[in-house]
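Novice: So you can see what is in the structure, the chains are spelled out below.
2 protein chains.
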Amino acid sequence: MPKRVDHEQRRNAIIEALWRIAGTSGLEGVSLSQIATEAGVSKGLVQHYFRNKDEMLVHATGRLRERVGERIAHGLAGLPAARTSRTALRAFLAALLPTDDGSRTESLVANAFLIRALKDPAIADRFRDGNTQLRHAVVGLVSAAQAEGDLSADLDPARETDILLALVAGLGDALLLGHHTETSALAVLDHQLDRLAPG
Amino acid sequence: MPKRVDHEQRRNAIIEALWRIAGTSGLEGVSLSQIATEAGVSKGLVQHYFRNKDEMLVHATGRLRERVGERIAHGLAGLPAARTSRTALRAFLAALLPTDDGSRTESLVANAFLIRALKDPAIADRFRDGNTQLRHAVVGLVSAAQAEGDLSADLDPARETDILLALVAGLGDALLLGHHTETSALAVLDHQLDRLAPG
Numbered sequence: 001m002p003k004r005v006d007h008e009q010r011r012n013a014i015i016e017a018l019w020r021i022a023g024t025s026g027l028e029g030v031s032l033s034q035i036a037t038e039a040g041v042s043k044g045l046v047q048h049y050f051r052n053k054d055e056m057l058v059h060a061t062g063r064l065r066e067r068v069g070e071r072i073a074h075g076l077a078g079l080p081a082a083r084t085s086r087t088a089l090r091a092f093l094a095a096l097l098p099t100d101d102g103s104r105t106e107s108l109v110a111n112a113f114l115i116r117a118l119k120d121p122a123i124a125d126r127f128r129d130g131n132t133q134l135r136h137a138v139v140g141l142v143s144a145a146q147a148e149g150d151l152s153a154d155l156d157p158a159r160e161t162d163i164l165l166a167l168v169a170g171l172g173d174a175l176l177l178g179h180h181t182e183t184s185a186l187a188v189l190d191h192q193l194d195r196l197a198p199g
Numbered sequence: 001m002p003k004r005v006d007h008e009q010r011r012n013a014i015i016e017a018l019w020r021i022a023g024t025s026g027l028e029g030v031s032l033s034q035i036a037t038e039a040g041v042s043k044g045l046v047q048h049y050f051r052n053k054d055e056m057l058v059h060a061t062g063r064l065r066e067r068v069g070e071r072i073a074h075g076l077a078g079l080p081a082a083r084t085s086r087t088a089l090r091a092f093l094a095a096l097l098p099t100d101d102g103s104r105t106e107s108l109v110a111n112a113f114l115i116r117a118l119k120d121p122a123i124a125d126r127f128r129d130g131n132t133q134l135r136h137a138v139v140g141l142v143s144a145a146q147a148e149g150d151l152s153a154d155l156d157p158a159r160e161t162d163i164l165l166a167l168v169a170g171l172g173d174a175l176l177l178g179h180h181t182e183t184s185a186l187a188v189l190d191h192q193l194d195r196l197a198p199g
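Chains as they are written, first to last, in full-length UniProt numbering: chain A, 1 to 199; chain B, 1 to 199.
Only chain A is shown next, with the shape it has when bound in the complex:
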């Protein structure tokens, strides 16, 4: 199936181009022509794969979810085999922080999409699904860490998940803006996690 692979590669190359533009200058006034130039293809080819900019943006949010998922998986894979759920929880949350070029771009793209999500139900649905998956995973890790005795049994996993995800989202913006460094953001996260340990 060499043809099929080729199509997917081209499609991904176009999305990656949109991505690079969104990560450096936002989605402000980005045109199909600009995206074509950035991807090194013709505008016609872009239009062959995506009917319009909105369709491309929906694809780009899908790619965003994939990349965040890959980043989390990578963070978890870097842990020792004898990892605890508490350690996995920390690695999971840390993977959501924009601490290198790749995750920084993801955060910028997510921010660029935020206003669009408020007007575009397809993008809003993707954000909602992504958020539900994240919550589900974090609730699972909090519960497991409670079962392992590393987090207090008294905690409501759903409530703590709400706090941890909002905290990481806020720290992410602060990192982008230079109000936190990677070190200080992780220290804030660790402080909150330490507080959840059995008393």
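Think of the hints as simulated: they come from the structure by calculation, not from any bench. There could be a bad hint or two in this list.
Put simply, identical chains are the same to the list, so a pair is met inside one copy or across any two.
[Stated by the list, open to error] Derived lysine to aspartate or glutamate pairs resembling EDC-like cross-links, with alpha carbons at most 20 Å apart:
#1 43 to 66
#2 119 to 101
#3 43 to 148
#4 43 to 150
#5 119 to 100
#6 119 to 55
#7 53 to 150
#8 119 to 129
#9 119 to 150
#10 53 to 16
#11 43 to 154
#12 53 to 120
#13 43 to 70
#14 43 to 16
#15 43 to 120
#16 53 to 190
#17 119 to 194
#18 53 to 194
Fit chain B to the given chain A structure using the hints.
Specialist: This is chain B only, laid out in the frame that chain A set:
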């Protein structure tokens, strides 16, 4: 000085127009002509007050800070005279959440400016100043609540401020996206504040 007042009113009317556009469709591809149309004035008049779009955006971020300051002041003014610092801290943080049309627009505008801040030192400076002021105010309220015995004396006010401000920022995005309601976001905030009470 009627002339001077008139100039300021016109300038503000133009900024309010930029504001309405940013709050509904972001800063994507917004042009001086669009802003002029929204403000009900000529493009020439817009150019009389602002040399270019960037100058207008810097003014708009200044207006953002003013509005957030007014909102916080309003939240604090609504408290009983015998308010505690703990109550003031809660009102202060709650005022930063997008819970009505005005604060929702402010959050959207702040988000629309985030990527710009990364490229534009003038806007980044304004964000940094605003953040420093916010941190200073929250550190003061946490310290005062500790002195009044309503928050644990063991806490590091700067560290707790980092957590609370990041939490509120993350909850704000979740509110905009509909992942939280006002009630659930406030419940999350209250849960974190309750945890800071003396044991």
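Novice: Evaluate each hint against the coordinates.
Specialist: Verification of the hints:
Taking the shortest alpha-carbon separations for residue 43 and residue 66, neither the intra-copy value of 26 Å nor the inter-copy value of 44 Å comes in at or below 20 Å. Taking the shortest Cα distances, residue 119 and residue 101 sit within 20 Å of each other only across copies (15 Å), while inside one copy they are farther apart (28 Å). In the homo-oligomer, the alpha carbons of residue 43 and residue 148 never lie at most 20 Å apart, since the shortest distance is 55 Å inside one protomer and 65 Å across protomers. Proximity of residue 43 to residue 150 under the C-alpha cut-off of 20 Å is found in neither arrangement, the shortest distances being 55 Å within a copy and 62 Å between copies.
Only between protomers do residue 119 and residue 100 lie at most 20 Å apart by alpha-carbon distance; the minimum there is 17 Å, versus 30 Å within a single protomer. Proximity of residue 119 and residue 55 under a CA criterion of 20 Å is satisfied intra-copy only: 14 Å inside one chain copy versus 27 Å between copies. Proximity of residue 53 to residue 150 under the C-alpha cut-off of 20 Å is found in neither arrangement, the shortest distances being 47 Å within a copy and 53 Å between copies. Taking the closest pair of Cα atoms, residue 119 and residue 129 come within 20 Å of each other only inside a single copy of the chain (17 Å); across copies the shortest separation is 31 Å, beyond that limit.
When the C-alpha separation of residue 119 and residue 150 is checked against a cutoff of 20 Å, the pair qualifies neither within a copy, at 42 Å, nor between copies, at 42 Å. In the homo-oligomer, the alpha carbons of residue 53 and residue 16 lie at most 20 Å apart inside one protomer (14 Å), although the nearest pairing across protomers, at 29 Å, exceeds that limit. Taking the shortest Cα distances, residue 43 and residue 154 never come within 20 Å of each other, neither inside one copy (58 Å) nor across copies (61 Å). In this assembly of identical chains, residue 53 and residue 120 lie within 20 Å of each other by CA distance solely inside one copy; the values are 12 Å within and 26 Å between copies.
With identical chains, the CA atoms of residue 43 and residue 70 are never at most 20 Å apart, being 30 Å at best within one copy and 48 Å at best between copies. Taking the closest pair of Cα atoms, residue 43 and residue 16 come within 20 Å of each other only inside a single copy of the chain (15 Å); across copies the shortest separation is 37 Å, beyond that limit. In this homomeric assembly, residue 43 and residue 120 never come within 20 Å of each other (Cα to Cα): the closest approach is 24 Å inside a single copy and 30 Å across copies. Within a single copy, residue 53 and residue 190 get their C-alpha atoms no closer than 40 Å, and across copies no closer than 41 Å, so neither meets the 20 Å cut-off.
Taking the shortest alpha-carbon separations for residue 119 and residue 194, neither the intra-copy value of 39 Å nor the inter-copy value of 36 Å comes in at or below 20 Å. In this assembly of identical chains, residue 53 and residue 194 lie within 20 Å of each other by CA distance neither inside one copy nor across copies; the values are 45 Å within and 46 Å between.
Violated hints, listed in ascending order, are 1, 3, 4, 7, 9, 11, 13, 15, 16, 17 and 18; each of the other numbered hints is respected by the structure.
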